[in-house]
Amino acid sequence: MAISSRMLSLFLLILASSSTTTVLASDSGNEDNGLTHIHLYVHETFKGANATTATPVASPLGANSTFGSMAVFDDEIRVGRDRASELVGRFQGLVVGTGLDSGANFLSSVTCVFTAGEYQGSMLSVEGPVLGSKDAIERPVVGGTGKFRMTSGYSLFKVLGNPTPETVVFELDLFVLMYRGK
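Read left to right, the sequence shown gives residues -25 to -1, 1 to 157 (mature numbering (1 follows the signal peptide of the UniProt record, and there is no 0)).
There's no promise every hint is true.
Cut-off 20 Å, straight-line C-alpha distance, at most; resulting in silico cross-link-like pairs (SDA-like, lysine to any residue) [claimed, not checked]: (1) K109 with N137; (2) K133 with V32; (3) K122 with G92; (4) K122 with Q95; (5) K133 with Y154; (6) K22 with Q95; (7) K109 with D148; (8) K22 with V32; (9) K109 with G92; (10) K22 with Q67; (11) K22 with G92; (12) K133 with A33; (13) K22 with H12; (14) K122 with Y154; (15) K22 with D49; (16) K133 with F150.
No wet-lab data here; the hints were simulated from the structure.
Build out the structure end to end from the sequences listed, making use of the hints.
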């Protein structure tokens, strides 16, 4: 049983959990404590031959439920809102429906894999719930590899809109405490 495209679109809007591209900037005044702000855009294609998301598992409770459903994604992370902006990585992960009685609640596990730019070869992990929200979705940054070893912080994920009927763009702000050990 597959989740309808309307359910998947609703799920993706709730997810707002992934954007791409890195215009990297450090918050001035916070350099002493290692706080770094990374601003990205996630580009997702949810229909067609080049889809970057899929829902391989539908809810066992039927089309009116998200409990137990699972979606996976491998979206592009770009420096800007425009699809032609520089590709700097992938926004990869999964989302599982966890709201049995409480509606559309999801748990996500996301890895930002940097393939170009200042953080090439490094990864950041973002974990946590994706609760229905009209504003940005906040989740913790729980660690990383490469230049992000021993980091922690938080992320804000926000839907910007649909440039085409098959795509959506998200804004991703990462606030990470960078380890500056020797």
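- Message: Of the numbered hints stated earlier in the document, which are not met by this structure?
- Response: 2, 5, 6, 9, 11, 12 and 13
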